[in-house]
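There are 2 protein chains.
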Amino acid sequence: MAHINLPADLPGIRGPMAFSPETAKPLNELAEILLRDDNNTLSRGERELIGTYVSSLNDCFFCQNIHGALAGHYLQCDIPTIDAIKVDYETTALSPKLKALLSIAGSVQKGGRQVTPEQIQRAKDLGATDKEIHDTVLIAAAFCMYNRYVDGLATWAPQDRQYYVERAPRRAEEGYIDFDLYK
Amino acid sequence: MAHINLPADLPGIRGPMAFSPETAKPLNELAEILLRDDNNTLSRGERELIGTYVSSLNDCFFCQNIHGALAGHYLQCDIPTIDAIKVDYETTALSPKLKALLSIAGSVQKGGRQVTPEQIQRAKDLGATDKEIHDTVLIAAAFCMYNRYVDGLATWAPQDRQYYVERAPRRAEEGYIDFDLYK
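Quick note, the sequences are listed as chains A and B, same order.
All residue numbers in the first sequence are consecutive under this note's numbering, ending with 233.
All residue numbers in the second sequence are consecutive under this note's numbering, ending with 233.
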């Protein structure tokens, strides 16, 4: 049971968002710009993957599953492939640049001061732009917020992982702004 | 030196916000609603104090000083008093309810799952409403983002703590939306 009185039928972040629509608005606008804006050289799938990885480090079941399903949808790969990235991305077939960015995201999850100049240099040497590094840091930081919001209020989450896979195409189509919390 | 090419004259979060105004917008709107909205039974000073405490746990010099100065401005107390709260709020003259909320905020800083039903019950027994608990969790979660954004990009911060004290009245007057990044 959630720590406060949330709508019982809404899983994950949707309960707190229905409870507090005035804060949901900037939270969703931030997600829309960070994860979906077309003016970005990181694909939507790559950005969802960064969020998924940070959510797995934060042990947030809801976030790592819905954003993992979205990453799989965009990148056209299955959930075991996403899971393998979460466990050890360095040994996967991801691009060297994305691996360097995931390394930065992993440090941000521990704390901002954990990011080293060497990690930044590795990313730049592999072609990462300042905007890509900026967005990686802010996506990782933002998921440290979303994850804590979801779990800090003890929201519930469907345990069947297929639930998230089936919702991903609709979430990808609707985005984070104009969607119905109850659908 | 910052990890990416930020305006050299802007300290703390203002550098990344000038670099990325499209993400600065929802970040500032979230801060405005969480920390300043009048439809709230927690005072502005109490909310700034929650953000200050979380920023100190995250060891973010810029955030804990500017928000600590704002808390001091609103609560009409000096910086040593704010520092004492950061070090051990339970032994200070804060209200029992605010102490219970700071305890929740401290757990959120570690991770959402660290918040216990006992901490929530203590807050409720001391009169905390669901909205106050919600806002405490989201303020703490949001500062886990802001702190990581500021330090994950290695922004610089004035080391003279009086700098922040002197800026606080102006920041309190202008709020987080309509302010000039360069003033």
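Since the hints were derived computationally from the structure, they do not count as laboratory data.
In this text, a Cβ means the ideal position worked out from N, Cα and C, and glycines have one as well.
Be a bit skeptical, because a hint or two may be false.
To be verified - Covered stretches of chain B (chain A as the covering partner; in silico rule of three or more C-beta atoms under 8 Å from a C-beta of chain A):
| id | stretch |
| --- | --- |
| 1 | 104-114 |
| 2 | 200-211 |
Stated by the list, open to error - Cut-off 25 Å, straight-line C-alpha distance, at most; resulting in silico cross-link-like pairs (BS3-like, lysine-lysine):
| id | chain 1 | residue 1 | chain 2 | residue 2 |
| --- | --- | --- | --- | --- |
| 3 | A | Lys-160 | B | Lys-160 |
| 4 | A | Lys-160 | B | Lys-147 |
| 5 | B | Lys-160 | A | Lys-136 |
| 6 | A | Lys-181 | B | Lys-136 |
Task: Distance restraint between Lys-160 (chain A) and Lys-147 (chain B), which requires alpha-carbon spacing of 25 Å or less - done: violated (30 Å)
- [ ] Count the residues of the stretch 200-211 of chain B whose CB lies closer than 8 Å to any CB of chain A, then report whether that count reaches three.
- [x] With 5 residues close enough to chain A, the hint holds.
Task: Satisfaction of hint between Lys-136 (chain A) and Lys-160 (chain B), Cα-Cα up to 25 Å - done: Cα-Cα ~21 Å, so holds.
Open item on the list: What's the verdict on Lys-160 (chain A) and Lys-160 (chain B), does the C-alpha distance respect the 25 Å limit or exceed it?
Closed with: holds (10 Å)
TODO: For the pair we were handed, Lys-181 (chain A) and Lys-136 (chain B), check the Cα-Cα distance against 25 Å.
DONE: Given pair Lys-181 (chain A), Lys-136 (chain B) is violated - Cα atoms ~34 Å apart, limit 25 Å.
Open item on the list: Please verify the coverage claim for the stretch 104-114 of chain B: does it have three or more residues whose C-beta sits within 8 Å of some C-beta in chain A?
Closed with: With 3 residues closer than 8 Å to chain A, the stretch 104-114 of chain B meets the three-residue bar; holds.
Comparing the model with each numbered hint stated earlier shows that hints 4, 6 do not hold.
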